[in-house]
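Use these hints to put chains B and C onto chain A, whose structure you have.
Residue numbers (my numbering), protein chains in the order written: chain A, 1 to 339; chain B, 1001 to 1288; chain C, 2001 to 2423.
Derived from the structure by calculation, the hints contain no laboratory data. If you're wondering where the values come from, they're calculated on a predicted model, not measured in any experiment. Note that the Cβ used here is the ideal one computed from N, Cα and C, for glycine as well. Please note that a few of the clues may not be correct.
[Stated by the list, open to error] In silico DSS-like links for lysine-lysine, alpha-carbon gap of 27 Å or less: (1) B/K1111 / C/K2401; (2) B/K1273 / A/K212; (3) B/K1111 / C/K2319; (4) C/K2179 / C/K2401; (5) C/K2263 / C/K2236; (6) C/K2211 / C/K2179; (7) C/K2288 / B/K1111; (8) B/K1111 / C/K2074; (9) C/K2103 / C/K2127.
[Said to hold, decoys possible] Pairwise CB distance ranges, derived in the manner of DEER restraints: (10) C/D2177 / A/G109: 49 to 55 Å; (11) A/V37 / C/A2056: 58 to 64 Å; (12) A/W179 / C/A2145: 33 to 39 Å.
[Unchecked claim] Taking beta-carbon pairs under 7 Å as the criterion, some of the chain A residues facing chain C (in silico): (13) G168; (14) Y251; (15) M252; (16) W253; (17) G255; (18) S257.
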Amino acid sequence: MKEDFEKRRKERLDRGIKVRSDGLYALMSWRELCYLVLPRLVLIVGMLILPLVMPSMYWQRVISNVCIYALLALSFDFLAHFVGLVSLGGAFFIGIGGYIAAILNTSFGLPPLLTIPLATIIGASFCTLLLLPCLPLRGVYFAIITLMYPLLLARVIEALDILGGTDGILGVESFLNRWMEQYVIIMMVLLFLFGVRRLVIKDIGLVFRAVKDNDQAVRASGISITYYKTIAVFIASAMGCLGGAYMVHLYMWAGLSMFALDFSILPIAATVIGGSGTLVGPVLGAFILVPISELLRAFGTLRIVFYALILLAFIIFRSEGILVYSQRKYQQFEKWVKV
Amino acid sequence: MEILIYGTINSVSLALFSLGFAMVYGVSRLPNFAHGSLYVLSGFITWTLLNSLGLNYAVSIILAMIATGIIGALIYQFVLIRVRGMEISEIMASYAIGLAILEGLRWGGFKGMTYTLPSFIEGSTEIAGIPVDYQRLLVVGIGAAVVAFLWLFTHYTRIGLALRGMAQDERAAMMLGIDSDLMALAAMGFGSMLAALAAILLLPLGNIVVEAGYNVLILAIAVCIVGGLGSWMGAVIAAFLIGFAQILTVVYLGAHYQMVVALLAIILTLILKPSGLFGRQKELEERV
Amino acid sequence: MKGKAIRGFMIFLFAVLLILPAKFASAETPIIIGSPLSTAYLYGWDAERAINLAVAEINASGGVNVGGEKRPFKVEVIDTRDLEPGVPVSEALLAVEKLILDKKADFIIGGPVRSEAALAAMPLLSKYKKVSILTTGVLTPKYHALVAKEYDKYKYCFRIHGEAKNLVGEMFANFTDLKEKYGFNNLFIIAQDVSHARGAAKVMKAVAEKKGWNVTGVEIYPTGATDFSMGLLKAKKTQSEIINIWMDMPESAILLKQWYEMKIPALPFGSTLAAAEQPGFWEATEGKGEYTLCNVVNAGNAPSEATPWTMKFYDAYTKMWGVEPEGLGTSSSYMAVYVLRDAIERAGSLDPDKVVAELEKTDIMGVYGRLRFDPKSHQVIPATDPQKGAVGSILQWQDGKRVVVYPKSIATGSIQLPPWMKK
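For reference, chain A alone in the conformation it holds in the complex (with noise of 0.2 Å):
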């Protein structure tokens, strides 16, 4: 009985459809083609008809929510894993884009179809002039400022009394539709996420990757490293500021709390029980987290008990994440083989 257990191992083989659909070969039958597709479609679909299936008006705030912090978790993974820098300060992004749509809405009067756009753009440039110093150092150091950021802008904010101090900017226009309100962050989050998917795949997505394995070698082509940081923070940080833009507009106001730890830890957390590495589980991260910790409120401050030691659970023992999980599950499947 014992040695039978000893001298077996697992096996994980592809199964035939997936074998049958990489590549060209796809085109060649609908069950194939479904099989690629599936997946990605029920993704699609699902999030496009979220608004209009749910059953009242609170939760379609929670969606709101939930798209906002997936742009955030879809950061944070995208420099994580795929460009080796661990963003800590997502609280950076959403303030920093919070405060120019606040601005650009209250003191320039434009619209808020035109001040997310902006928003975006130059909330990005600022983030990343101000990361701009700690870009040509490696390890944890990237880690350390995103995470101080955050709480040195909301002290200065606070101290100098600038761009409406601890009361915050009141009475920025919110949305002229409720249903554009909705659609705007998803088609946005969906548009992200399989850009940036686009993006990995290509040329320049490799010499990040290769930033993040091997950084010496890619300084021996004759690359600079700095300026290829330099894009991945813009983009991440243009994913970032859009998500603040958005809510600014969507509690029709901009304060201090926009930079609070919340937003920086609860990316974190839906990309490692979601999946790191691939980034729709982030965003599937996300969806799971935020209602959870909606339906979690009667519990009051157990609830941050809970989520703490679910996300701990996580870590220890699923580290992979959900999505890894599913899709190994997906295209593979495992059986116990005799040594």
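Chains B and C alone, transformed into the frame defined by chain A:
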């Protein structure tokens, strides 16, 4: 004159709660983000032992320190050991534990501002015309004793030398037969006990609240970065630097900017000399 | 055979359970009061407890008479965590929305507690047309100024506790007394680095200078600062006689302990000094908090005989919760529920616009005096005489007890100086 006295007190306080963090990072390169929560936890354990169980103060202190040390070791043994080596996971796992402990305390009813520990010695005295209370003088005294003790411990006892060896070069230490996991466990245990000691010395000055956990964590990280992650002496010296900088800011600029000083110190260090004052990372390895 | 029986029974039970609540629900639908509060903090649980006390009392006496039908109140509290430093205000707003949309709250009483969250929630409340009575936290004058400015949009927002301007006025009444009695003239201000404290400090400085006081210094301490020695020494060096403290962070206990130990010859006079408002303060500071003065915004939060109802409420609260009323929002939250009941009964319905109209006509003798709202700004009207309006309370810790020293109409003691200050 008062700058000197209160600057020293402030610096020693900072050093006390950064040493625990520095020790754990130095020995096993584990950023222990649960440090702040262990600080607060030990405070509440002492309070419970003292008030609900009615034990003697000294006994409560010793029990709380041992309990916190054990909790730290348990955290290592059951959680952190599984994620060792993966930096992001280490940070997140320890942060999650810290969060769970702090929020759990808050849920468990430890909210409000009415929890406190009694001082060891009541009363105050005057040094060069400046009133200082005995508890703060005790903090400086014991703080200095702790630093001295740590120095002796890591230079003259077997375990201390083993810890130092691990901190310097892990592989060489393993080749000499020092068990890396055991040493990391010991480091976590000691680090947690240091956090508990800091809590016991500093909490009687005010009250025990859950928010202190987050503040302590940020300050400990700030001090350790400036001093160089992994260097104990660096942490102490950085504590003095930041401590005096804070007091000087209060006197000459305004109390407003205290926290900004700490954060600025980090940013400056990272830009100018990322490995901190006494850090062990080589410059060449850092810049890309 | 057995399996089938069990399954049948389960289905029957399930059906019964489904139908039963529906039956009960139609009997007396409760009026739902939504309370978005930061329940882990003093300024959240003070309101929570008082609201629960009031609701229990009203339900025990039969409930609210809505156009002939007696309906009970039901309280739904959601923890907004908005007093926690790292939490975004959007959480509080989400909590308010959850109360309105998901829990179907009819009225909002209590929070959100943080000023910025309350200000940000105003457009939400006007969007959903929900009447809200703020009862704790939020001291900013901006709140009722906004209501007055855009009355039609924000008319659903009311506030039943005193705000910062009242507090400043009350403090200065006391300062002037001290000036006359002891010749004090030097004022030192310590404030926490948050919006309301900083704003208050600025206002205090301006008013003080106008009244001829010498402001010897203003120190703003960031949240989480643990050492106040420099500030206290500065106060001593400049011979300040009163230290005005605006600090609701827990570290204020460190400040007061240090004050006592360093024997600074200045009277600590605080407002929103959360640590000192709790009965447990005495033990928490081992008696070193003696002589601390703090402003608890409305009577009833400290023992006094403002109206016959004051001590009735005080004792009922102590009996229900095992601790005396503490914090700023206790008496106001209690009265808010009663005021709401009064308005609903006079309006005869739950329609928000009708209730708003009746709330504006409120005129009750409550726990802290005669309660009336200003019809334009929906702020409760303050006074120093309980017969005329809502009274505040300033208390001083004397010998382990909280003694109300102001206003004179309800004071049970007078301000005492610490022994090292006696001239």
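So which of the earlier hints does this model not fit? none
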